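Take the sequences, apply the hints, and build the full model.
Same order as they appear, the protein sequences are chains A and B.
To convert a position in the first sequence, counted from 1, into the numbering used here, add 95.
To convert a position in the second sequence, counted from 1, into the numbering used here, add 95.
Hints should not be assumed to be uniformly reliable.
Chain copies aren't distinguished; within one or between two, either way the pair holds.
Keeping only pairs whose Cα atoms sit at most 25 Å apart, straight-line, the calculated DSS-like set for lysine-lysine is [as the list claims (entries may be wrong)]:
hint, residue 1, residue 2
1, K116, K261
2, K301, K121
3, K207, K261
4, K179, K276
5, K376, K259
6, K394, K328
7, K261, K375
8, K255, K100
9, K328, K376
10, K179, K394
11, K237, K116
12, K255, K394
13, K261, K394
14, K225, K276
15, K276, K135
16, K259, K375
No wet-lab data here; the hints were simulated from the structure.
Because the structure is a prediction, the values reported are computed rather than measured.
Number of protein chains: 2
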Amino acid sequence: MFNFKDVYLTDYFIVAGPLEKEHDVKKCDMYIDDYYFGEKTVEDAEIKMQRTVLNNLVNSNTELIIGGDLTNQLTALGSSTINKNIPVLGIYSACATMSASFLTLAGFIQGKFIREGIFLTSSHNLAAEKQFRFPVEYGAPKPYRSTFTATAAVGIKLSKTSSKIKVVNGLLGKVIDSYVKDVHNMGAIMAPGAATTLVDYLNQSKTEVKDYDLIITGDLGSTGSEIFKEILKKEHNIKINNHLDAGAIFYKDFEYAGASGPAVLPLILVTRIFNNKKYKKILCLATGSLHSPVLVNQKHSVPTICHAIYLEVV
Amino acid sequence: MFNFKDVYLTDYFIVAGPLEKEHDVKKCDMYIDDYYFGEKTVEDAEIKMQRTVLNNLVNSNTELIIGGDLTNQLTALGSSTINKNIPVLGIYSACATMSASFLTLAGFIQGKFIREGIFLTSSHNLAAEKQFRFPVEYGAPKPYRSTFTATAAVGIKLSKTSSKIKVVNGLLGKVIDSYVKDVHNMGAIMAPGAATTLVDYLNQSKTEVKDYDLIITGDLGSTGSEIFKEILKKEHNIKINNHLDAGAIFYKDFEYAGASGPAVLPLILVTRIFNNKKYKKILCLATGSLHSPVLVNQKHSVPTICHAIYLEVV
Chain A
96 MFNFKDVYLT DYFIVAGPLE KEHDVKKCDM YIDDYYFGEK TVEDAEIKMQ RTVLNNLVNS
156 NTELIIGGDL TNQLTALGSS TINKNIPVLG IYSACATMSA SFLTLAGFIQ GKFIREGIFL
216 TSSHNLAAEK QFRFPVEYGA PKPYRSTFTA TAAVGIKLSK TSSKIKVVNG LLGKVIDSYV
276 KDVHNMGAIM APGAATTLVD YLNQSKTEVK DYDLIITGDL GSTGSEIFKE ILKKEHNIKI
336 NNHLDAGAIF YKDFEYAGAS GPAVLPLILV TRIFNNKKYK KILCLATGSL HSPVLVNQKH
396 SVPTICHAIY LEVV
Chain B
96 MFNFKDVYLT DYFIVAGPLE KEHDVKKCDM YIDDYYFGEK TVEDAEIKMQ RTVLNNLVNS
156 NTELIIGGDL TNQLTALGSS TINKNIPVLG IYSACATMSA SFLTLAGFIQ GKFIREGIFL
216 TSSHNLAAEK QFRFPVEYGA PKPYRSTFTA TAAVGIKLSK TSSKIKVVNG LLGKVIDSYV
276 KDVHNMGAIM APGAATTLVD YLNQSKTEVK DYDLIITGDL GSTGSEIFKE ILKKEHNIKI
336 NNHLDAGAIF YKDFEYAGAS GPAVLPLILV TRIFNNKKYK KILCLATGSL HSPVLVNQKH
396 SVPTICHAIY LEVV
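The structure is reproduced here in structure tokens:
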């Protein structure tokens, strides 16, 4: 368990995609109207989305940029930060990159190595589909249990400067085998990871589910959320009524299981959760499906990981 | 600059490949005789190399495993750590993953979040070639400026427990554009990164090149080392006589520019540098070429990064 005393969430900036706008993902700072964002490739579009976030968040107090994305070898982060003249640390935990970056950045601030920094996560639907599932079988419908990689880039600033959102503590998760090989079913892959980390977190913090106003996962989707709750009930005798999944609530009237991508959970947090007065004590569980085309083609089951961050809104 | 007071390097374990054994890379704990290591794929071989390292280093005091490799989306780390029941954090900085992991782990120990952890980096020549350069043009000779991805996995234990190797401080680097598009010439790509971080490090630590017994880079190779020294001389008026490059000294009588891979620098450090009585004050600059097949195919120049770690041997 990492405990923080002097770490606050002080600012953020979000660029979201056209489907996100259409599906009423509200209060983003900016939307892009087409997937190319004026660039020649979707990869360059994702790099530009990240740069746009950084251009709106970085200032003279920014001592570190940390984070990652779903592109091959973190190409987007490596390119968006070129010549920014600020140290950069790349983190990879698939969709759990959000909480891994959050926790690492908070750790560096609490450890007095820096006073302020930004963590940045993004995904671009077309860039991610190319990375993880290319060549796709064009024309084949996806199963309903699939999540749809969101197009968004989110930067969040953490600082020693006090704000209404306090970063209280967090837990890095363990890698576990999901025994699932179907990469469309990321919810089933990641649900055991989320359950394991939640149980570890409750044990180590000596708290119970009811001590939180909200336990938010990202991104199990609607399918994975059901599995998550079932595992908790059957294996751990934990009943959870205060749960939302960022992926499952991301799109409205969506035919698949919801959204996925490392930007989904932070986006939902800053636009819907922090300004909802119901939620003061928020436990975030960002889940990751640690697959790659190589692993999948070699018929391995997909490992999963989940990192926890606990926030208090005052 | 991250300053550490209570962080020590206390143990390590190395598994190296057949070419490494043949080329007299000495004092590794274990060598594999063939690239498959009893597995069906080279990727599984790399996973097994990492697991072997962990099986020999992890004990009840290990609170965190951190690190990365060159496989697609850190598949190797994600798979080698399955069911280890220890928290895992994935870092990606290409070959600079070594110092990025080193610094992050040291930061977590100094910040009192953990007392002991392991960082683990690896590369497998055939897995890396497939990831970065597949489809290769079979039969085409490589240019002499190429480095050859080493096959090795190195785990290093850091701890609050005192040892003869003290981790003194470190610096996370900035991403800069190398303006080089030739991915065979990783030395030319990474030399500007190494020079930038060295200059930043000297400025921030208020030290000079002569204050160190050794400035060791990894992995510029012989070609990149020359460029590194030229940049320092021409652009910064710094003459450097106490420099070695881990990649350049890795293989003996080698036709290319040397070895590369995130395991090369830590391997050279623990087997050749720490037990050489000449070197008490060692500044390590691990360099990374932040390329990916996507970036290269889209004709971008390759960004570079370099992170510094300063060690004292007592």
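Against the structure, the hints come out as follows:
| no. | hint | in the structure |
| --- | --- | --- |
| 1 | K116 with K261 | neither (29 Å within a copy, 52 Å between copies) |
| 2 | K301 with K121 | neither (36 Å within a copy, 49 Å between copies) |
| 3 | K207 with K261 | both (17 Å within a copy, 20 Å between copies) |
| 4 | K179 with K276 | between (40 Å within a copy, 20 Å between copies) |
| 5 | K376 with K259 | within (12 Å within a copy, 45 Å between copies) |
| 6 | K394 with K328 | neither (30 Å within a copy, 52 Å between copies) |
| 7 | K261 with K375 | within (10 Å within a copy, 43 Å between copies) |
| 8 | K255 with K100 | both (9 Å within a copy, 22 Å between copies) |
| 9 | K328 with K376 | within (22 Å within a copy, 56 Å between copies) |
| 10 | K179 with K394 | between (40 Å within a copy, 21 Å between copies) |
| 11 | K237 with K116 | within (22 Å within a copy, 48 Å between copies) |
| 12 | K255 with K394 | neither (46 Å within a copy, 41 Å between copies) |
| 13 | K261 with K394 | neither (43 Å within a copy, 43 Å between copies) |
| 14 | K225 with K276 | both (19 Å within a copy, 22 Å between copies) |
| 15 | K276 with K135 | between (34 Å within a copy, 18 Å between copies) |
| 16 | K259 with K375 | within (10 Å within a copy, 48 Å between copies) |
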